[in-house]
Amino acid sequence: MLRFWPVWVLLLGGLFYWGMQRPNPTELKSVLVGKAAPSFSLPLLEPYRAQYGAEMGIREGLNKPVLLNIWASWCVPCRTEAPLLERFHRQYKDRVLILGVNVQDSQAEALRFIRQYGLTFPSVYDERGRIGIEYGYYGVPETFIINRNGIVLHRHTGELNEAQLQGYIERVLQ
Amino acid sequence: MRRPNSRWALGWFRPSRLLAAGYCLLALALAQPNPSTPPPDFSPRVFEIARALRCPVCQGESAAESNAGIAVEMRRIIAEQLAQGKTEAEIRQFFVERYGDWILYEPPARGLTLLIWLSPLVGLGLLGFGLWRYLAQVKARAQVVSDVSEGEIARLEAELESPERQP
Numbered sequence: 001m002l003r004f005w006p007v008w009v010l011l012l013g014g015l016f017y018w019g020m021q022r023p024n025p026t027e028l029k030s031v032l033v034g035k036a037a038p039s040f041s042l043p044l045l046e047p048y049r050a051q052y053g054a055e056m057g058i059r060e061g062l063n064k065p066v067l068l069n070i071w072a073s074w075c076v077p078c079r080t081e082a083p084l085l086e087r088f089h090r091q092y093k094d095r096v097l098i099l100g101v102n103v104q105d106s107q108a109e110a111l112r113f114i115r116q117y118g119l120t121f122p123s124v125y126d127e128r129g130r131i132g133i134e135y136g137y138y139g140v141p142e143t144f145i146i147n148r149n150g151i152v153l154h155r156h157t158g159e160l161n162e163a164q165l166q167g168y169i170e171r172v173l174q
Numbered sequence: 001m002r003r004p005n006s007r008w009a010l011g012w013f014r015p016s017r018l019l020a021a022g023y024c025l026l027a028l029a030l031a032q033p034n035p036s037t038p039p040p041d042f043s044p045r046v047f048e049i050a051r052a053l054r055c056p057v058c059q060g061e062s063a064a065e066s067n068a069g070i071a072v073e074m075r076r077i078i079a080e081q082l083a084q085g086k087t088e089a090e091i092r093q094f095f096v097e098r099y100g101d102w103i104l105y106e107p108p109a110r111g112l113t114l115l116i117w118l119s120p121l122v123g124l125g126l127l128g129f130g131l132w133r134y135l136a137q138v139k140a141r142a143q144v145v146s147d148v149s150e151g152e153i154a155r156l157e158a159e160l161e162s163p164e165r166q167p
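Chains as they are written, first to last, in my numbering: chain L, 1 to 174; chain F, 1 to 167.
Keep in mind the hints are simulated off the structure, nothing from the lab. Hints may be right or wrong, so weigh each one.
[Claimed, not checked] Label pairs and their computed distance ranges (CB to CB): (1) L:W8 x F:Q84: 35 to 45 Å; (2) F:L127 x L:L84: 55 to 65 Å; (3) F:L121 x L:L2: 32 to 42 Å; (4) F:I153 x L:W8: 37 to 47 Å; (5) L:L15 x F:L121: 15 to 25 Å; (6) F:C58 x L:Y117: 27 to 37 Å; (7) F:L118 x L:E127: 19 to 29 Å; (8) F:T87 x L:L2: 47 to 57 Å; (9) L:L2 x F:W117: 26 to 36 Å; (10) L:G53 x F:A109: 24 to 34 Å; (11) L:R79 x F:L121: 49 to 59 Å.
Just so it is clear, CB atoms sit at the ideal spot from N, CA and C, and this is done for glycine as well.
Throw the hints in and build the complete structure from the sequences for me.
Quick look at the structure:
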């Protein structure tokens, strides 16, 4: 067996190299990618009811790309992300729906967060995070990119930066 | 300062009062929940199923052990689905459809996972093969030694016993 040591070295080295080739170790690919986004309807947080109605969610026939952003007021990266999402919402609101899902939070804290950052994109309230589990979420913030046919294209875990958000918007608008 | 009344103090140690105090202590001890007993809101069956599922936001904790909001919600989903009459396999499948096999502490033996499951067997096989090769070599060497003729052995013994080699 020892006569074949170069083969063993090459085999183990190859295995090590293959293991190190994962493009982004923090990326968690969703099992929903390529599948229809789970539909749901949840109560909107109070500031959005006058404009969007009592409930909102993902449903068939929406015919608009959606960036589903799962957030909570206690989440620090959500604080950096919120103004960016708001800016993109103002810019693309006619063509892309940015929909927030506030999870595992108190409504009072969520409303304070919305007022603090002046968020005008709609957010629904999911106290227990049930919809988060339907989407297989790991934590907040997490963003699901859904095309106009309701198919999940990508799951972004963690905070979004401007370039990433721009890239996702361009992808769903293609 | 008032001196303690010895009759009053002795009164406390009456057998009936001691017995009552003993009952109180026993009742308190029995009222303490067993640390391994799950909280009363979910049945032990819920925790049994949750123990096989990872808590998505925790490090090395199952959905049964963690108190993170998502783990609590997972337990609630399990309880609801048990109440609907779903089997353990169906409940596990519900989470696999949303999180993939990653959510299971014991991933199913298929695809790349099958290789990992089989790796101990492959390791044992390789070890057995190495041992077999080694023992075969030892046996071959012993065979070479036993191939020496009787005459040659007698000559060598005579040489070793010759007076020139005696001290």
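Here is what the structure says about each hint:
Checking the proposed 35 to 45 Å range against L:W8 and F:Q84 shows it is violated: the Cβ atoms sit about 54 Å from each other. Range check, F:L127 to L:L84: Cβ separation about 56 Å, and the 55 to 65 Å hint holds. Taking 32 to 42 Å as the suggested C-beta distance range, the pair F:L121 and L:L2 does not conform, at roughly 23 Å. Hint check: F:I153 to L:W8, Cβ distance near 43 Å, so the stated range 37 to 47 Å holds.
Between L:L15 and F:L121 the beta carbon distance is about 18 Å. The supplied range of 15 to 25 Å therefore holds. Separation of F:C58 from L:Y117 is about 29 Å and conforms to the stated range, judged on CB atoms against 27 to 37 Å. For F:L118 and L:E127, the Cβ-Cβ distance of about 45 Å falls outside the hinted range of 19 to 29 Å, so the restraint is violated. Range check, F:T87 to L:L2: about 52 Å between beta-carbon atoms, so the 47 to 57 Å window is met.
The beta-carbon spacing between L:L2 and F:W117, approximately 28 Å, falls within the hinted interval of 26 to 36 Å. In this structure, L:G53 and F:A109 break the distance hint of 24 to 34 Å, their C-beta atoms being roughly 49 Å apart. Remark: the range hint 49 to 59 Å for L:R79 to F:L121 is upheld by a beta-carbon distance near 51 Å.
The structure is inconsistent with the numbered hints 1, 3, 7 and 10, although it conforms to all the rest.
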